[in-house]
Amino acid sequence: MAKNKTILYALILAFTFISPFAFPDFGTQLATLWLMIIVSITWDMTGGQMGYNSLGNIFFYGTGMYVAALIAIGLVYDVGDYTNAAGGGIYKFTDLQYFGGMFLGVLGAGLFCSLSAVVIGLLTFGLRGPYFAIGTLGVAIAAGELVSNWDWVGGGQGIALPVYPGDLDTGKVYFYFLFAAVGVSTFLFVKWLYGTRFGAAINAIRDDEEKADAMGIHTLRYKLYTWAMAAFFVGLAGGISAFQLIHFEPLESAYQTINLGIFMVVCVLLGGKGTLWGPVVGAILFHLFKEITWNYLLGWQWVALGALIVVTVVYFQDGVMGWLEHKRPEWFGIKIEKKVAEQAE
Amino acid sequence: MDQILGNIGLLFEFPVVNLKIILDGIMVGALFALAAYGLALVWGVMNVKNLAQGDFVISGGYVSWWLVQHGFPALLGVPIAFVVMWGVGWIIYKLVISRVIERDLFTSLLATFGLAIMMAQILNLMFGSDTQSVDLDYDVLYFFDGFIDVPIAKLIGVLMAAALAAGVIIFMKSSRMGQAIRATAQDARAARVMGIDTEKVYAFTFSLNSAICGAAGAIIVMVWVIQPFYGISYSIRAFVIVTAAGLGNLPGVIAAGLGIGALEQYGAHIFGIGYQQAIAVLLLLLVLLYRLIQQRRNRQVLK
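Chains as they are written, first to last, in the working numbering: chain R, 1 to 345; chain D, 1001 to 1303.
Bear in mind the hints are in silico, worked out from the structure with no lab data behind them. Nothing here was measured: the structure is a model prediction, and the numbers come from that model. Just so you know, even glycine gets a beta-carbon here, dropped at the ideal spot from N, CA and C. Among these hints, one or two may not hold up.
To list a few chain R residues with every Cβ distance to chain D over 12 Å, as calculated [unchecked claim]: (1) Leu-13; (2) Thr-94; (3) Phe-125; (4) Gly-129; (5) Phe-132; (6) Lys-211; (7) Val-266; (8) Gln-301.
One-sided and incomplete, this derived list gives chain D residues near chain R with beta-carbon spacing under 8 Å [what the hints assert, rightly or not]: (9) Leu-1010; (10) Phe-1014; (11) Arg-1099; (12) Val-1100; (13) Gly-1114; (14) Ile-1117; (15) Gly-1167; (16) Phe-1171; (17) Met-1172; (18) Tyr-1275.
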């Protein structure tokens, strides 16, 4: 069994490396798929494992975009002047400035998002259930609206970043591997995390927070740490997205509450909440569905997506992994004693 | 910053401006209060948080707009929108909502979010993404040397909203169905034991909510403009009002609706119209934080 698992992981890793060269036409699509996987896994950290359904994780994505862009620009030029000219071509970046700015910007985006997760968490973690979801949704919407009125960061126009200095195809592969690296490390990180005492503690919070509190778990601290970790990875992904998209604006691409902000939740529900592989499987299925409807059902794609959300939530809430666990428990290391099973029947 | 201070100064220099803002706010708020009352009804009776509330409003507006395009008088749009949206609400209840009542609260939130996306898009495909409105050929009343203008159309809108609210209140207080709804909200299991068909009550409540929203939308299309994607802003305001006022507290809902309408107009006056949506959302966060601080005194959380 362990051998099979190693082979499976090796195959997935090999596919990760080969896919951008095997399917060069889909370079950007594959990068977006990794983005979906990252945001889904991190949403599941709080939503699935800790029982706090946030609708505002998109806040970290948008904030990551802005922080990364502002750091990269601010290191070389005055931000106010730059956004005023709307990247009008006068501003040149050398290779060192571009890659150095990107590295520091993306890292800074992750750290800033962690910090803001702690601050927002202190304010909102007293809310439970739907109030937490509405409260965090409110934070994300408010942030988008405020940023779009903030002229120093470009207002509703957004920010235009410099273009990748090499040729277009290498750029696509480059961004693919950036996303893939963050995605793989996110997956390995949560895989390790869920096996530790910390993972057990956040699961306890999900199952019964009052009891967890009574057992001596400092629940608020655990909740803040978990959200800060999730926000770190989303912030990284947002920062990379900013450079990949080149131009972004606050309401449609950065704080896109009703697009990516809700997609990540649907991905997790589709794949299976509170499982390790669920978010990954869900993100892949959802992305496939989205791209197919976008190509063949033009005009009706949003209706199809809305219908997918409703159907998933209402009829298929256990997700693919939950369904598999029910059908094939032995794959998940759950042993059902023959005798007990017979007695049950 | 100077501009903001200037705008505040204007309020003290010309006190009449305050009156105009408050009047505008009350007119806006009356319609918010209608949508919020529907939300509070559904939330209280069947514990479903309907994020598609605003899209019901917009759909009602389009029903009325479509009628006017086909030669019907505008005022007739309100009752017809009420009836049409009643049917739409009943279909949505049977297809989706009836299956999420017993589930956890996040389920209803997400399912109705999916519904909201679908409805907005279907409206967009049917009627296009332009803003639409219905022009009523009524005069505008002027007070205080033309400082305050009150279009009669808006006045009619507010009166119709008030009449609708009064009708719903009387219905809930005195009719047999209204009693059954209130009993189910108090204790669904006990209501079942006493012989109330709760399934029927749920279907009725959701349809009623949808119909109230539809009528509110038909009024809105006469007074302001509608657009397929405006729904979310009405949903947010409905949530602000219900969170502030609490469930099953109709006077509270009306007061909160009018108050939020006025506060929003003040905010838009002071900070600029671009901040109007942000102010509505920030009010929601403030209300949540305030309630949280209240609960913390008793070491409780907001559930």
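Violated constraints from the hint list, given by number and in increasing order: 3, 4, 5, 7, 8, 9, 10, 15, 16, 17
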